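Given the structure of chain D, go ahead and fit chain X onto it with the hints provided.
Taken in sequence, the protein lines are chains D and X.
Under our numbering, the first residue of the first sequence carries the number 300, and numbering increases by one thereafter.
Under our numbering, the first residue of the second sequence carries the number 73, and numbering increases by one thereafter.
One or more hints might be untrue.
[To be verified] Listed next, with one range per pair, are the computed distances between beta-carbon atoms: (1) X:A145 with D:F549: 28 to 36 Å; (2) D:V348 with X:A501: 24 to 32 Å; (3) D:P419 with X:G146: 46 to 54 Å; (4) X:A145 with D:E377: 40 to 48 Å.
I should point out that these hints are in silico values taken from the structure, not numbers from a laboratory.
These numbers were taken from a predicted model, which means no experiment stands behind them.
Every residue, glycine too, gets a C-beta built ideally from N, C-alpha and C.
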Amino acid sequence: MVTGKSSKVGNSIAISILFVFSLVWMFPIFWTLLQSLRPYGDVLKFGSVSWPHHLNLHNYWTALVQSQMWRYFINSFEVAVPAVVITLFLASMVAFVVSRYSFKFNVALLMLFTAGNLLPPQLVFIPIFRLYIHVWVPNFINGDGVLYNTQLGLILIHVALQMGFATFVLSNYLKTIPKEISESALVDGASVWKHYYVVILPLLRPALASLGVLMTTWIYNDFFWSVALLSSGDKRPITAALSNLQGEFFTDYNLLAAGATLAFIPTLIVFFTLRKQFVSGLTLGSTKG
Amino acid sequence: MSDMITEEGVSRRSVLKGTVAGAGALAVGGLVGAGTASSADAAATKKVSVGSNNSDPAPRKNDVAWVAAAKTAGFDVKLNIVDHNTFQNQINSYLQGTPDDIFTWFAGYRMQFFAKKGLSTSISDVWKKISPNFSAGYKNASTGLDGKQYFIPTTWYPWAIMYRKSVFAAAGVDPKTIVTWADFINACKTFQSKGITPVALGDKGGWEAMGTFDFINFRTNGFKFHMDLTAGRAKWTDPRVQKTFANWATMFPYQNNNVLDLAWDGAAQLVLQKKAAMQVMGAFHASIYTDPADLADLALFAFPEITAAYGREAVEAPIDGYMLSKHASKNLVNAKALAEFIASDKFGKAVLKVAPTSLFANNKMPKPTDPFARSQVDLVNGCKYIAQFFDRDSRPDFAGTIFQSALQKFLGGGDPKAIATDLQAQWDALPPA
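Looking at chain X on its own, in the form it has when it is part of the complex:
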């Protein structure tokens, strides 16, 4: 994953290769199309249905933009937009029912889970053509446990510590000097002495605090242990988990005291209103900033180092993208052709027009010019390892109800030893995935 986001130069040869492969694909598509009864229709418009969880106004615009671009490329895309949270909760029955040919999903364990269950169609042959567009890290993130590819990465965003420059300047804290955990706690003390809540945290939804857990866990115990733990290869009863909880507890005195009453946006508002100094959040923290002046004041820095040996080598940067459903086998040629389109820079360029701060996986896309977006790319470029976020790196049935309520218990003052024992017992009780 180390070179995931590096925007390596593309040699002329690889571009040529890509073009030739693309042309080949078209020819093959044409041949297969000719074999079917409605060959004329297939050649005119390639009908594909796409299920999307991009129900929010901004991502909805992205969908509309790329679907329009796909139309000029000869696709007739039927878009089925379902609100984000229902889409997620329904995914199991959706994929077993009559899903759309292509659907929005996430890289990592969440993708592998459904690939393994046979609910997704492999697109390894598409990947042979599109590989030049992506660095190896992305290919790994798109690969199932059986070594085949199931995923087309499109956009991503990182998690970091979000803050307002003006608040830091007023308190006389320079974020560049916050490197180690001791630096971080010192900064917290400074903010507290000035009457500002140092760290805003809301975990009403159960998932928000996973980000903080992930960071503290891989900063304390290293990336490998973190990935082993989320995937169930390491045990929750391991003493290293207790170290993570103990380190987190040192942060408690500097958090707002209504953690379980606030959702992420409630906590983010504390930062926006300058009542709190920092929030460990995804870059979507910016979405509640409606005033451009506030937005210009927003910045981020990397989560501080805890164990020196692991430094700040890892970061959370979930990748969004598309998968083919099992159902797509009825419309395979068109669905794969559209998957190829989504992997091309035509997709990215269409989205970029309506969402200029998006960060793309495709290395043919230009570098972002917006300073906040640029800082996100720099943050991830400096990292050796990339995690997808707890609920994308672990089993859905574990991350969903079990781990969320455990975190809420811990934040509510529960005993970390009992919580860890309980977590392992619940993991062991899960049906084999």
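If we strip away everything but chain D, and leave its shape as in the complex, we get:
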């Protein structure tokens, strides 16, 4: 009886703590939503901490149509989708080789890919910038003939930086798949390509799905590289373009709140439609590794 009562008390304490914390987490989102629905004039008249007198979707209209935010959404997808596809394709190949074939540099190769992850982007930014203004690309990709200020360059940097983590996760996942499957494929005379493409790749599907979700959100949310490697305003993804809503001297924070809300909607869609993969993605490779 006594223990049951105390666990009940413990439960309600835990719930009330969780409730308070969820409020703390919800508040900024709620505040952003509220501000995004208020016209600037309303805030100017009554102050930002006041009961709203007018609520409408005007800020969203301004952000999406007048500030042409929809264009930057397209830019974001043009970078994120190829970057995720290429990363997963290449990472699955590396993971396949390091987990299915034993050779001298096997572990060293895996370490190399993982170690690349540990370098903060701020550290490699200047060498990469220098590199990008000297790497030649054909004129139809960029009139200036260099990799700098191209979406291709942005895709490549994401692929390079995400490959390490993706390889690490995929090779760990592959280790949980019985080697016997591979052995029987080899016995049946499958070539390396067939072994990878017909046997391993379908087995990797759940891992690829979760990684794909994670990477899409990461690459979509990237701000640093899109500011560092693009100089044309019209090529920027949505995260960097949000600052278009900030003025030189004056910033309409209500408009900015609407823009920020719009910018996080795709992440929410991705999360809610692929929630199962998202959660399994976080625990991926944690059972063995």
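Only chain X this time, still in chain D's reference frame:
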């Protein structure tokens, strides 16, 4: 710089000279164009790319307007608009990467800094043709340390004390009587006794209070010392700097007490809402006034005199304009032709149509009719010296992080002596510019 804004009459001869020079330029342009492979295209449309930081809705309209005017003059301008603050922060990598042929920038040290680094193309030959359009002060403001010109000035705006006429009238203060520092402090006392914050100041962004610093510094120690200090020729440990800080401290009791929590527009709102009487601000203070009735109530007066010998001889009036990047060397003929267009009154007239209160550097432009704009011209016309604003007169790496945080420390109650010593130490630690 003394005659920078004077709208001197243009003699018939100088106009003729300008026309002849212009015609000559066209002929030269044509000849050079004929030498290149795509001579037919070059003659039809002159392609030039322009990088712009005019991302706000109003200046964006100006850009669109002048680009349309340039199109009728035979230019195909590719406009690359990047939001103002990112453009500024990125300028170093932008200019070293693949910049546009022409880009928006500022006169003064900020222009000289990049000219000296070889990131800009000199346009002295263009200036030979366009000189009649600008007074000598503008030419000086467009000249690099090597004596060559690198800049085309377009528009400018002054800094002053912004106030609402109705607030002053209600408190019985006549702004015309505020001439000396004692007058100013007296006015502050009057406002305070009526429950109005005398001076609104916000320095959350770090740059806003630079305006107040500049004014107090050149009113206290003279324009020459101020320019020496910003350019590093005078030391921060000089006792004159302490005088500036001491004078500023006398203003502290009359400021709002949340200076570091407010950005400039937060402080400007206090004036708009009649909770505060004055703000030392640029003319863009007006941009938060959405109601025309409020706007008609807005006025400005010159910062009061501190040391009698220096009177009110100096003012801050940053000049905006355009520069050619190093990259423009690949498209030099067209880029220079567009620079010439920007320096002509065709540019100004196109912008004037969408922004009637703009103030132009070009002396061929008509005088403004709007009373607030007119008062800005009068303010600057009465001045002998013009400063560009601290972050345009000093090294970017000093003005940016070092001086901004020092000012915030001072406004937060830091010891001015320690701050000055620290500033000099940090200046000395900077790599040679």
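These are the hints, each one checked on the structure:
Between X:A145 and D:F549 the beta carbons are some 33 Å apart, a value that agrees with the proposed interval 28 to 36 Å. A hinted range of 24 to 32 Å for the beta carbons of D:V348 and X:A501 is inconsistent with their spacing of about 43 Å. In this structure the hint that D:P419 and X:G146 lie 46 to 54 Å apart at CB holds, the actual value being about 49 Å. For the pair X:A145 and D:E377, the supplied restraint of 40 to 48 Å is violated, since their beta-carbon distance comes to about 35 Å.
The structure does not agree with the numbered hints 2 and 4 stated previously, though it agrees with the rest.
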